[in-house]
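> Now for the letters of each chain:
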Amino acid sequence: MTPRSPHAAHARLLDEIGAVDCVGVEERVAKYMTRSIKKASKVWGLRMAVSMTDLTTLEGKDTPGKIESLCRKALHPHDDPAVPPVAAVCVYPSMVRHAKRWVGGSRVRVASVATAFPSGQTHYRTRLAEVRGAVADGADEVDMVINRGAFLSGDFSRVQDEIAGVVEACGAAALKVILEVSELETYDSIRAASFLAMGALRPGDFIKTSTGKTSLNATLGSNQVMIEAIRDFYLDTAVPIGMKPAGGIRTAKQSLQYLIAVKETLGDAWLTPRRYRFGATSLLNDLLRQIERERTGAYQAPYSFSEAAESY
Amino acid sequence: MPPSTTPRGRARAGLIFGDLWDFDPAPETADPKLKERYDLFIDGRFVRPRSGRYFDSINPANERKLADIALAGTADVDAAYAAAARAFRPWAATPGRERGKYLFRIARLLQDRAREFAVAETMDGGKPIRESRDFDVPMAAAHFFYHAGWADKLEYVAPGRAVAPLGVVGQVIPWNFPLLMLAWKLAPALAMGNCVVLKPAETTSITALKLAEILQDAGLPPGVANFVTGAGETGALVMGHPGAAKVAFTGSTEVGKAIMRQLAGTDRRMTMELGGKAANIVFDDAPIDQAVEGIVDGIFFNQGHVCCAGSRLLVHEPVADRVISKLKDRIRVLRVGDPLDKNTDLGAINSKAQLATIRRLVAAGVREGAVLFQPPCRLPERGFYFPPTLFTNVTQSHRIAREEIFGPVLAILTFRTVDEAIEKANNTPYGLSAGVWTDKGSRILRMSTELKAGVVWANTFNRFDPSSPFGGYKESGFGREGGRQGLLDYSRRA
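Taken in sequence, the protein lines are chains A and B.
Residue 624 is where the first sequence ends in the working numbering, and the numbering goes up by one at each step.
Residue 779 is where the second sequence ends in the working numbering, and the numbering goes up by one at each step.
The list that follows gives simulated cross-link-like pairs (lysine to aspartate or glutamate, EDC-like), each with its CA atoms no further than 16 Å apart:
#1 A:Lys343 x B:Asp630
#2 A:Lys350 x B:Asp309
#3 A:Lys378 x A:Glu619
#4 A:Lys343 x B:Asp419
#5 B:Lys613 x A:Asp544
#6 B:Lys318 x B:Glu498
In silico contact screen, one side only, chain B against chain A (beta carbon under 8 Å); selected entries:
#7 Ile301
#8 Phe308
#9 Ile573
#10 Gln575
#11 Glu578
#12 Lys627
Treat the hints as calculated values from the structure; they're not laboratory data.
Yeah, the Cβ is synthetic: ideal placement off N, Cα and C, and Gly gets one too.
Start from the sequences, fold in the hints, and give me the full structure.
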């Protein structure tokens, strides 16, 4: 093993930040699933989850019309005035200016994926140009993907330098760094990539689990490893980094389990859309359905909520 | 947490574990179906004690009375042994596959009534419903299933040798896992063809007597299992009875020694599962967050009322500060309170007497100069509760590092080398369990050989399985429960 080999880089980083035991992580998150959230605390959690949602559409068939309908849903998820708007709409760069027309000036922010989402496999200068273009069109937040090829081959400095370059290209926009945990495979790698990313980020930026474009997306386990990394980084540096699990969170119950993980690992200061987000689409209507259930005591049919996934 | 400063004077970031999102009470509401009065279970029937005397069983979570429990005296214990002796020959002659059917039936009936038993166990003993629901009751059923599977395969327990039952076995079990300890004792004894006289702990008799209802429903022949209730005197009658071919005891080392003195010179067999002061050893290469979780599971599981609890933390000096600070953050989010609340992590201390013992030893720790840490937590006004407690600056000579506290109190010591860790871990009269946390496999293997403990867990703690034998070294006792080894302890080899 030479000091410059990929293995050496990985070993040095792990030595610095510590390893993760897979069985232990899964036992920890299993306890979140046994928590029982009732009554007022349930409603609080459901509304908080709504306010943390990055309502997302990332499809080849997206049109300005689809974006308009998504934005209206984002601003006004439900007739119940106690239900807050979502945190952001998350769209492709070409849709940013359309989204801006509808949510500009409101509390709802426009997030754009960029950097050749979801694979990231194009020239670095092209990726940077895409970020600048999205920001110029009015994106408040940019969701980038890391260079997984470089990470897996041990070229950590390249991964971090690229993130630093994107931070610069973002200007005032907040950055969310997608690790694509399913391609990193191990919890050790997820923790390592979290630290690499956080080392280049500013307070208020995020790390994010997944693109939603692979078979395995956010899990409570990967969420736990990343929020523990955020906590350790914060306690060392006093820099608070946000977290965004994305993909695979479809039910209100799941989202409450993620929030319990946040409450018990990062504490109250992360129970805010400024530091925690859900990347999701169908989650929103299940949250609304459960909120209505708490209010009226009965479940409403899916079609009584607008923009139901079934209608596409 | 108010911001504190590092040695270099830089403001340090802290985490806020407040009540921004307070959970509403989430009580388990299943009916425990308790009776007002529980009689003795002798010869397949519930019978009143000859003395006519009863004692109260109270709920340690609120000090309210749950039921009257019969107090068994000499005549009752004699009657139980006589019933067991009558039942022994036909039971031992019953084919193994038939005995297995009864055990399968008991296991399934217990599963059918799992929620009811979990609530009863929690009300009677104070443990969180999450644990009685997810651990005690399913594990008790698993022990009946496991031994049901053995009942028709006994010729393979000791290959090449025939095994035979011993006769009537006297058993006394503790209050920390009432139903599970009963299953550990009853299932192997019955599978092997023995008959049983068992005494549950005086503070936690109810689930044993509820299980007696299941034994009736399962059609278990009368006299095969008899339950007598009472305190230490009844226990001494059960252990000292001349009708016992073997006695099996789980409880404190002190009582275990008294039983051994009482039985010295007789031909009765014994197995003893006694106290412990387990070392949980964390090396600098361990996955720290998961080790912290294991430490928490090790000492706060069942309020620390666990004979194999990891009550001594030995932590490698290079990571000691890091581990301790993470441990403090972790126990700040433990929820202490109503055991029936599904979100409770630490329930009630089993009895007033045990609470007094814990308080006395904690006071001794403070007096001897150890540094106490308890997270802020609101304890219910009524009932017996004690907050999760850490002691740092502990040395080997502190009482809290030597004596079994049997409560949610962790003594933290440090070490520098592997040899020092082994030396400190073994420097105790006990030897029931130990935990090792390291990323290095070869070190796990070495530690498991050198630690004088019946169970060594690697990168986990408090994991149990019916197929895995459990038992101690030194003053933690002898004999094994569970697995093939546990069955052998209930048999004669022909």
